[in-house]
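Chemist: Take the sequences, apply the hints, and build the full model.
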Amino acid sequence: MPTREEWAVVLFTLRVAALGTAMILPFGVAAAALLARRHGPGRTLLDTLFSLPLVLPPTAVGVVLLDAFARVSPLGRALAAAGIQIAFDWKGVVIATSVMSFPLLVRSALTAFEEVDPRLVGLARTLGCGPMQAFFRVTLPLAWRGVLAGTVLAFARALGEFGATVMLAGNIPGRTQTLALAIFHEAQLGHDDRARVLAGVTAVLAFAALWSAEIVGRARARRTA
Amino acid sequence: MIRLDFETPLARFPLRIEADLRAPVTAVMGPSGAGKTSLLDAIAGLRSVASGRIAIDDDVLVDTAAGRRLPPQHRRVGYVPQDAGLFPHLTVRENVLFGARGASNEVGHAIDVLEIGSLGARYPASLSGGEKQRVALARALATRPRLLLLDEPLAALDVSLRDRIVPYLLRVRDEWATPMLYVTHNVGEALALAGEVLLLESGRVEAQGAPLALLATPGLSREARAGIENLLAGEIESHDAEGGVTRVRLAGGLVVSVSIAAERPVGSAVTVAIRAEDVLVATEPVRGLSARNVYEAVVRGIERGPGDAAVRCAIRPELPEWLARLTPAAVADLGLATGSRVWLAVKSHSVRVTSAPPARAGRGADVGTGGS
Amino acid sequence: MPDTGFAMSWTRRLFAAAALGMAFSASASAADVTVFAAASLADALSAIGKGFESTSGHHVVFNFGASSDLARQVRAGAPADVFFSADQAQMDVVTQAGLVRGADRVDVLSNTLVVVVPAKTPRRLQAASEIASFDRLALADPQAVPAGVYAKKYLESIGLWSRLADRIVPTLNVRGALAAVESENVPAAIVYRTDAAISSRVSVAFEVPRAAGPAIMYVMAPLARASAAARLFAAELTSTRAARVYEKYGFIVLARK
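Taken in sequence, the protein lines are chains W, S and C.
Residue numbers are given in the numbering used here: position 118 of the first sequence equals residue 118, and the series is strictly consecutive.
Residue numbers are given in the numbering used here: position 69 of the second sequence equals residue 1069, and the series is strictly consecutive.
Residue numbers are given in the numbering used here: position 132 of the third sequence equals residue 2132, and the series is strictly consecutive.
Don't read these hints as lab results, they were simulated from the structure.
Hints are not guaranteed to be accurate.
Derived DMTMM-like pairs: lysine to aspartate or glutamate, alpha-carbon spacing no greater than 25 Å straight-line [claimed, not checked]:
{"id": "1", "chain 1": "C", "residue 1": "K2153", "chain 2": "W", "residue 2": "E5"}
{"id": "2", "chain 1": "W", "residue 1": "K91", "chain 2": "W", "residue 2": "E6"}
{"id": "3", "chain 1": "W", "residue 1": "K91", "chain 2": "C", "residue 2": "D2166"}
{"id": "4", "chain 1": "C", "residue 1": "K2153", "chain 2": "C", "residue 2": "D2107"}
{"id": "5", "chain 1": "C", "residue 1": "K2153", "chain 2": "W", "residue 2": "E186"}
{"id": "6", "chain 1": "C", "residue 1": "K2153", "chain 2": "C", "residue 2": "E2130"}
{"id": "7", "chain 1": "C", "residue 1": "K2120", "chain 2": "W", "residue 2": "D67"}
{"id": "8", "chain 1": "C", "residue 1": "K2120", "chain 2": "C", "residue 2": "E2207"}
{"id": "9", "chain 1": "C", "residue 1": "K2153", "chain 2": "C", "residue 2": "D2092"}
{"id": "10", "chain 1": "C", "residue 1": "K2120", "chain 2": "C", "residue 2": "E2182"}
{"id": "11", "chain 1": "W", "residue 1": "K91", "chain 2": "C", "residue 2": "D2135"}
{"id": "12", "chain 1": "S", "residue 1": "K1347", "chain 2": "S", "residue 2": "D1333"}
{"id": "13", "chain 1": "C", "residue 1": "K2050", "chain 2": "C", "residue 2": "D2032"}
{"id": "14", "chain 1": "W", "residue 1": "K91", "chain 2": "C", "residue 2": "E2184"}
{"id": "15", "chain 1": "C", "residue 1": "K2120", "chain 2": "C", "residue 2": "E2184"}
{"id": "16", "chain 1": "S", "residue 1": "K1347", "chain 2": "S", "residue 2": "D1278"}
{"id": "17", "chain 1": "W", "residue 1": "K91", "chain 2": "C", "residue 2": "E2182"}
{"id": "18", "chain 1": "S", "residue 1": "K1347", "chain 2": "S", "residue 2": "E1263"}
{"id": "19", "chain 1": "S", "residue 1": "K1347", "chain 2": "S", "residue 2": "E1277"}
Some chain S residues close to chain W (C-beta under 8 Å, calculated; not the full set) [unchecked claim]:
{"id": "20", "residue": "Q1073"}
{"id": "21", "residue": "G1078"}
{"id": "22", "residue": "Y1079"}
{"id": "23", "residue": "G1099"}
{"id": "24", "residue": "T1143"}
A virtual CB, placed ideally from N, CA and C, is assigned to each residue, including glycine.
Modeler: This is the structure:
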């Protein structure tokens, strides 16, 4: 059974994953909406860019993030001036996990948007809707379950993120240590039994998240049938 | 008036339309893939036009030379697609009000005319095909469009249902001044509703003209012609259970005997349908024939097509013409010509009765609607 | 049952074994020596290894990292020939696992701790207590990595540990702490003097006096199963030639017993 500190790690992991997912939700939906409207080389380029974190090694993404937020970078300087710490800080965890789970959200939302009958959107246009209005009044309401499933998927991915997180936020117990990082740390210290307990908790959480995503997705399939 | 003069590429050939449409209802016909739906999409703004001009009266929707391409939401063109296209996540009421600027007299009128008032809280999934089409019509009308586009609205419905919707379409045509572009495969529908027919083939206008005249067009297939029926409004007059006959009184005092339909109360309004090919033509008074319905008439015109002929006959000058379908051989043998005095005979079994509401009080139904 | 076939197959096997044995001894003239060593030794050992390769013809492969991490790997069966730890504790781990003979252990080097800051913003602490002025301090993981364990011992000895404990940024190894300051992501770190010396992007803010600091001891040993070539390299690591290299990098060479 997990100790009190370990439960704290679980809670911390859940919180940063939830915060990160909430943060990328509007961006992910917007990105998917943008992709759904376009066709041709422009779309392929955007699609590939958004999907990169899915395929790149998380450590590679971590290096890019470190550079982006380094003190010497323009972004880093601006944040430092505002007194905001990203590297080796919980905010770094949120950013790293968000970036890694973003593509999952976009892809799920995109599929959901594309499943909406384009004739319905066209009809909405003839009934007086501009493109944005048609999106909010027809596409989004019909696709919300797919978007939700994508959100839960992104959350599950954020729960397990390691490579980019350890590089950008470090493995600071009590500050930036998520479940994945804690498992690594315990193993490093030779505490294999603790590592196994934490791995077990992670497995249960991931299972629950994926199960929910599946149920939501299933309900959507039934509804459109 | 709708002025079309544009061109835009489709998958297999370019859509090249040059036509001025003046009639209140124009039927757009032609084989599958001829570009009928693409034409509607171009007018609605759902398909971009490569070059040309589309205008409704003084309003220019598209003029590529002037760089004008009005987006769909500003064109005020109502669209009723083949499958009604109702928004599944909204109730009937929300669907109807979707494009309307709040409930208004106009919206209420549409709901009344199309008789969908009782469906308000229901969702599209629970509606029948006919109800969906009526809701779709109301939804389009609620935006006060200046043009209505209908893409084979009755194609997905079975025959009896179609009979029930056509009168609603007739009402829409007569109650609103909105011009309609009506895509259909069905000649009978075109005849029932349209003042003019636009025949498309491979993206071009093959022919344009009065519906009956187009019957003679070589382009029209025998199958297309097979659907023609004579549609007449009437009232149940009496039932003769032993004789197996129900008598229907038509406008102008004409009485038609149909196979017994005792379930229909005396006095109820009905529509009577007689297929053109079920109408027998004789040049002498008929005697000793089993047919219950024999009427004297005068030939008003004969339309000939390849291996086919349609004879238009008037029983009374003020009543709608009846259409009889004969072989050219029969026409020749009988020596039929405009002005010939004939007797029309129809078996009571050949008459179909439906309880569709009449088009409008006092107006007889037109020749048309059917489909096998 | 005729035995001839069976006996013959046995002869064949013996022959094959002998041939293999000869092949092995033949390759003993150009073997791979795998060395697991503390991260702080990276530069010095690479130089020594290069020299050894050119004179002996053997090939040296290094795995630098936190001594605690390396000890764990060796215990789990990693193919190390020589283990060079930054503290005794980790060498004890390997010894207790029976992988190193006590007699083979040699105390080779010592080192001192320094506090470093980014070279762009140099600073000189007047006293050790000023270490508490940094809002974050990078250390190799003080729970296990020698450099971090030493640093924690020192901070405890001067009574600063309790104040600094939740401002510590633990890194995978001592070079990670160095990198954190080089990138200016953390304002200061405690590393070995030898680490500060090889980096131009940090400057030393404070040097822990040898007397005040913890006793730092680098212990080296060939593993019990090590090959002749590996033992040769282990001997090289304690040679006077090697001592010159260590001193060049700033290590303190311990007198041989």
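Chemist: Give a verdict on every hint.
Modeler: Do the hints match the structure? See the list:
no. : hint              : verdict
1   : C:K2153 - W:E5    : holds, 24 Å
2   : W:K91 - W:E6      : holds, 20 Å
3   : W:K91 - C:D2166   : holds, 17 Å
4   : C:K2153 - C:D2107 : holds, 20 Å
5   : C:K2153 - W:E186  : holds, 21 Å
6   : C:K2153 - C:E2130 : holds, 17 Å
7   : C:K2120 - W:D67   : holds, 18 Å
8   : C:K2120 - C:E2207 : holds, 19 Å
9   : C:K2153 - C:D2092 : holds, 19 Å
10  : C:K2120 - C:E2182 : holds, 9 Å
11  : W:K91 - C:D2135   : holds, 17 Å
12  : S:K1347 - S:D1333 : holds, 23 Å
13  : C:K2050 - C:D2032 : holds, 13 Å
14  : W:K91 - C:E2184   : holds, 17 Å
15  : C:K2120 - C:E2184 : holds, 9 Å
16  : S:K1347 - S:D1278 : holds, 8 Å
17  : W:K91 - C:E2182   : holds, 21 Å
18  : S:K1347 - S:E1263 : holds, 20 Å
19  : S:K1347 - S:E1277 : holds, 12 Å
20  : Q1073             : holds, 5 Å
21  : G1078             : holds, 7 Å
22  : Y1079             : holds, 4 Å
23  : G1099             : holds, 3 Å
24  : T1143             : holds, 6 Å
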